[in-house]
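Student: Make the full structure from the sequences, and use the hints.
Chains A and B, in that order, give the protein sequences. For the first sequence, full-length UniProt numbering assigns the number 1 to the initial residue and increments by one for each residue that follows. For the second sequence, full-length UniProt numbering assigns the number 1 to the initial residue and increments by one for each residue that follows.
This list has only true hints and no planted wrong ones.
Heads up, simulated DSSO-like pairs for lysine-lysine below, C-alpha to C-alpha not over 27 Å straight-line:
hint, chain 1, residue 1, chain 2, residue 2
1, B, K504, B, K741
2, A, K78, B, K543
3, B, K58, A, K78
Simulated from the structure, these hints should not be mistaken for laboratory data.
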Amino acid sequence: MERETIFWFKAAPIHAFPIDSGACIKYLDQQIAVFNFSQSGEWYACQNLCPHRMQMVLARGLLGSCGEEPKVACPFHKKTFSLKDGKNLNGDDCHITTYPTKIEGEYLYIGLPFETSQSEKAENIT
Amino acid sequence: MGGNMKKIIVVGNGMVGFKFCEKLHQADQEKNFEIQVFGEEQWPAYDRVHLSSFFEGKAKDELLLAPREWYENRSIELLTNTLIVQINRNLQVVIDHLGNKHQYDYLVLATGSSAFVPAITGVEKKGVFVYRTLEDLEALKSYASHCKSAAILGGGLLGLEAAKAALDLGLQTHVVEFAPRLMARQLDDQGALLLKTKMEELGIQIHLQKTTSEILGNGKLKGLQFTDGSFLEVDMLIISAGIKPRDELARKTGLAVAPRGGIVVDDHLKTSDPNIYVIGEAASHRGLIYGLVAPGYEMATQVVNQLIGKEVKPFEGFDMSTKLKLIEVEVGSFGDALGETPGSKPILYKNKTKGIYKRVNISADGKRLLGGILVGDTSQYGMLHQFFQNHMALPPEPEDLILGNRGGKSAQGFGIDALPDSAQVCACENITKLHLCQAVQEGNQNISSLKECTKAGTGCGGCLPMVNDLLNSELKKLGKAVKTTLCEHFSYTRQELLDLIKIKEIKTFRALINEFGSGQGCEICKPVVASLLASTWNEPIVKHQHIQDTNDRYLANIQKGGSYSVVPRIAGGEITPEKLIVIGQVAAKYQLYTKITGGQRIDLFGARVDQLPDIWEELIAAGFESGHAYGKSLRTVKSCVGSTWCRFGVQDSVSFAIEIENRYKGLRAPHKIKGAVSGCIRECAEAQSKDFGIIATEKGWNLYVCGNGGSKPQHALLFATDLDSKTCIQYIDRFLMYYIKTADPLTRTATWLNKLEGGIDHLREVVIDDSLGLGEELEREMEFLVNTYSCEWKEVVENPQLRARFKPFINTEEPDSSLQFEPLRGQKIPSNWV
Ligand code: SRM
Ligand SMILES: Cc1cc2nc3c(=O)[nH]c(=O)nc-3n(C[C@H](O)[C@H](O)[C@H](O)COP(=O)(O)OP(=O)(O)OC[C@H]3O[C@@H](n4cnc5c(N)ncnc54)[C@H](O)[C@@H]3O)c2cc1C
Ligand code: SF4
Ligand code: FES
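Tutor: In structure tokens:
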């Protein structure tokens, strides 16, 4: 995947996010799910679209871990995805895109590919 | 890798061809063989046995037996979309449809079969389908979307499966059978008749003794013309009249082919050419074609053993027992089902009201089980099949085999322990009891590792209940407590966690996992712990939103497309006109799809998450409360109108239903709970299908418990009679609390009771006789929950912080514009998903 050129989108202040669960960020037409683990202070971001039945819901899924791998379970059919690399942990073919995150001055930033522009519909990001 | 690797070519990448690759790769430790597989279909081998689950929304890749990487990782060269058209035996090459030649040392033909299509005039018409490949099903599904009705030609196993699929596609479904009964080879007249009745109850029309003379229609099928002059008008036809082995390659290259099709093999599955084997449905062995996977898998193993030089037993043929799947009707048939063995004696059991028919055929000397038929209840199939297959000695009263549980005590000696070590538990993978026991002793002590290690239960899955029983019995013998631990994060059972939460006064998930678990939790343990915390402390569940499933998190049921539904409580189904009007006004204002539910209340669908608090604010202002349709909690207590209006009513069932529904509203449990109160014995509230049901008598109330609707309906059992209202409530308090404390997650009361040692008698002892001395404690705990109830929606509506959680986006106030709806009969529905 081409990821050389990313820009950091200033998403929201970190206190706005619920603890140990997910929330959704909108960037142009794109919906991005953001998750945090309060104990370790880790933050993850991925597409909000579940590739299984193309539902915009991953931010509403349950957060968890499988071994060391942080994961999210889609609320519809409980497909689970790694938040590190987006791999489907049920062994199915569908994967998701994940994005890097960083925190600066109490704000969460999401690293998005530069090409992401208004013309691109959320459906295209897989 | 050695330089003189032998090259194996497998023609056909179906179920058996795949199994062959898997087995050979496993067995070939020394890497003596190189494997190349050709498949005509566009996908790698998939699970044909569960093909119909494609209609239940199973994605194609979920049906694959292994993804392409599987082959790559094992250096197995897979060429899909490639048809082998010719074999040149002298040169030992096969030629594909593009003319490429491929050299082999050994050739394994696993070409399976295709659907047999009888030569009826008009079969080529549009709208005529077969039911064999994924491609067939795709075509069928897309055509069906423009159809209202379908006929299935053939009333055998497969035909009935196809009929169920057609029914599920919403088609008016007909089955046309040439013989005088359904499943003629597996069932006798009585069994088949009962099956027919049951299919008809499902809405499938059955036409027996019909010979189709012509398929009519102008280019596109319009109906079937029968030889008796009658005509059946349908929009599509699915032919399921048997299979035709794919023996064309063998024919062309001069290998012997059986008169009725199939490539002739000997007991070593070899053809007359010593370098060519045939396995699976394409093979004709001792004049028989085996249309099932298990014998095909056995053949694959046989050939692998020969190739790697392991000890070989001749292939002896195979048992053709079957259990019908996928259809709501339970049907099983094994061995000599029709009792054709000379001297065989049948024992029959028939229960017309329950719709059960069972038959076993006993050998002339009374010592062996020859075969049998089960319709309506196949719970004994596993055991009976074992008796049959292992030639086990029959008990002195062989009728116990099918009558089973008589006089309250369970029959002795038919348990898993009675099986010999050689008993085959998994037929698909040919795994014996001994295999499994050894695997458990070697440390595979949970079901997934046992499955992975032995492969048992990975085929049709029918043996899984037995594998589970075996695992538990073996663990017991090893002195290990059999426990179903929750998931990788907690090695405790639900009950243990409940105790820990109480004793240690744990109030949050974080505290529990830090002290007693590991990792970050998951979609299994989080909702369970949420429910446990709620059943113990009855704090508003909104406090624990991060561990709730989406329904509990947003206090609404998620629907296709990501919108939510709203279900206000309408206790006992009683509602004033004023309140009805409010529901109508709210629905109109927010454009919600409105429907009466099966639980005597009203569901409003299609709300955006950000609209939920506003909708509820209006409902609460009009006196409504949350209906908890999203929770594992009390749903509804149905009522019938009862003695206030009804001329037969003997008690006021509505008032009692309302009292009970209000008592238990909000109660969190391992699964949802439903109740009902009927005003007399006519039982219009269907109380006997509920977790607890109450039926009025002249003297008071009869209490029933542990009923269930759903996919495995079960009638509630009469628990106590002629109770006054107070005692009735006392018993329900104790019953529900005991259930909450002891049931596994997601177990309804009926399933809980089925597993409860001592069954209903034990339950009566605990609840009525207070044998465990728990009565008062259970009542106290229930009283606490009843007294601490509050409507969680009210809390959200009144609390701006909680309300803020219903924003779809954190960084903007915009609503979610990705939701899409379509109109339907004057209301809206979500656009269908892909
Ligand atoms: C809305 C409703 C259908 C309708 O339009 O009538 C319905 C809808 C759902 N039912 Fe039901 N059931 C509804 C009455 C029933 C009934 C009839 C009844 O309650 O009298 C039954 C059979 C009785 C029983 O439960 O024993 C019923 C047996 C099920 C089952 C099977 C339970 C079982 O033990 O086998 C499920 C699946 C489950 O819970 O795991 C289920 C699950 C569901 C779910 C939650 C499926 C899902 O995950 O989305 C549906 C979501 C409800 C929603 O979105 O609001 N529903 N469901 C009914 C709501 C009743 C209510 O007012 O609360
Ligand atoms: C809907 C349905 C339900 C079933 N349910 C059950 C059940 O419950 N229990 C049970 O035991 N069995 C069941 N069966 C039967 C079971 O699926 C078959 O017995 C099994 O698939 C046989 O495996 P096979 O590999 O011999 O043949 P197949 O699975 O048919 O595979 C043969 C493959 O070879 C390919 N092929 C053929 N000729 C060539 C060629 N010349 N070149 C390249 N490729 C070729 C075919 O395209 C096909 O993909 C069911 C079948 C169907 C259709
Ligand atoms: S059960 Fe039927 S007959 Fe009896 S009171 Fe209710 S409505 Fe009337
Ligand atoms: S839509 Fe996400 S798992 Fe099905």
